[in-house]
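Trainee: Modelling step: build the complete structure from the supplied sequences, incorporating the hints.
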Amino acid sequence: ILNVEQSPQSLHVQEGDSTNFTCSFPSSNFYALHWYRWETAKSPEALFVMTLNGDEKKKGRISATLNTKEGYSYLYIKGSQPEDSATYLCASLSGNEKLTFGTGTRLTIIP
Amino acid sequence: SQTIHQWPATLVQPVGSPLSLECTVEGTSNPNLYWYRQAAGRGLQLLFYSVGIGQISSEVPQNLSASRPQDRQFILSSKKLLLSDSGFYLCAWSKDRASQPQHFGDGTRLSIL
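Heads up: the sequence lines are chains E and V, in that order. Going letter by letter, the first sequence gives residues 10 to 120 in the numbering used here. Going letter by letter, the second sequence gives residues 415 to 527 in the numbering used here.
Among the hints, erroneous ones may be present.
[To be verified] The following label-pair restraints were derived from C-beta to C-beta distances:
1. E:E24 x V:S491: 40 to 48 Å
2. E:S27 x V:Q416: 28 to 36 Å
3. V:D510 x E:P35: 17 to 25 Å
4. V:V429 x E:S16: 30 to 38 Å
5. E:Q18 x V:S479: 41 to 49 Å
6. V:S491 x E:E14: 27 to 35 Å
7. E:E14 x V:D510: 41 to 49 Å
8. V:P428 x E:S27: 47 to 55 Å
[Unchecked claim] Calculated lysine to aspartate or glutamate pairs in the EDC-like style (CA-CA distance at most 16 Å, straight line):
9. E:K107 x V:E473
10. E:K107 x V:D510
11. E:K51 x V:D520
12. E:K87 x E:E14
13. E:K68 x E:D93
Note that these hints are calculated values from the structure, not bench results. Glycine residues also receive a C-beta, built at the ideal position from the N, C-alpha and C atoms.
Mentor: Here you go:
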């Protein structure tokens, strides 16, 4: 992996269902992995910053895991609600201290 | 609490005209400052970052420039805009480049005609 890649590109989930999506990043020279939520007409909002392999962070119904050896992170949303509709961005900070963003996963919650 | 202000929110400029976008941060000192651009269908691309007054690092060669005349002020400029400069520009700040999140302004939608 040379770039930060997110999948899927977009996702429609029924309200109340749980979902997850993936961020893949270069595992060499890893420093930190950031997750942001970007709602329409607003600015990106930080969710998590993770630095250690095996890290797991939680904020309400949203949680994230990190595997730095294989270069991936998962974001989980439990019991999706309409307000979870947003684009979720991940970004990897490598040794050169440049934060590289993926193109995001656009999540739409269907009421 | 800390706040970040970015203006204008939207801008329509003709090709060849100059550009100045301004970003200011309040409630913190010596922040790291960033300018990003999101072109249509692409992710956020880091354009410039600054760790202190007068210190600017450029990530992508282009006809844009950045300046940091004061601790909490970051300006994105161009002498002559190109069509390819159209996009959504975001300013952000952070206290630490590795372990702290970045906090974004509301963005500027720039359209070049």
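Trainee: Go through the numbered hints given earlier and state which of them the structure violates, listing their numbers in rising order.
Mentor: 5, 7 and 12
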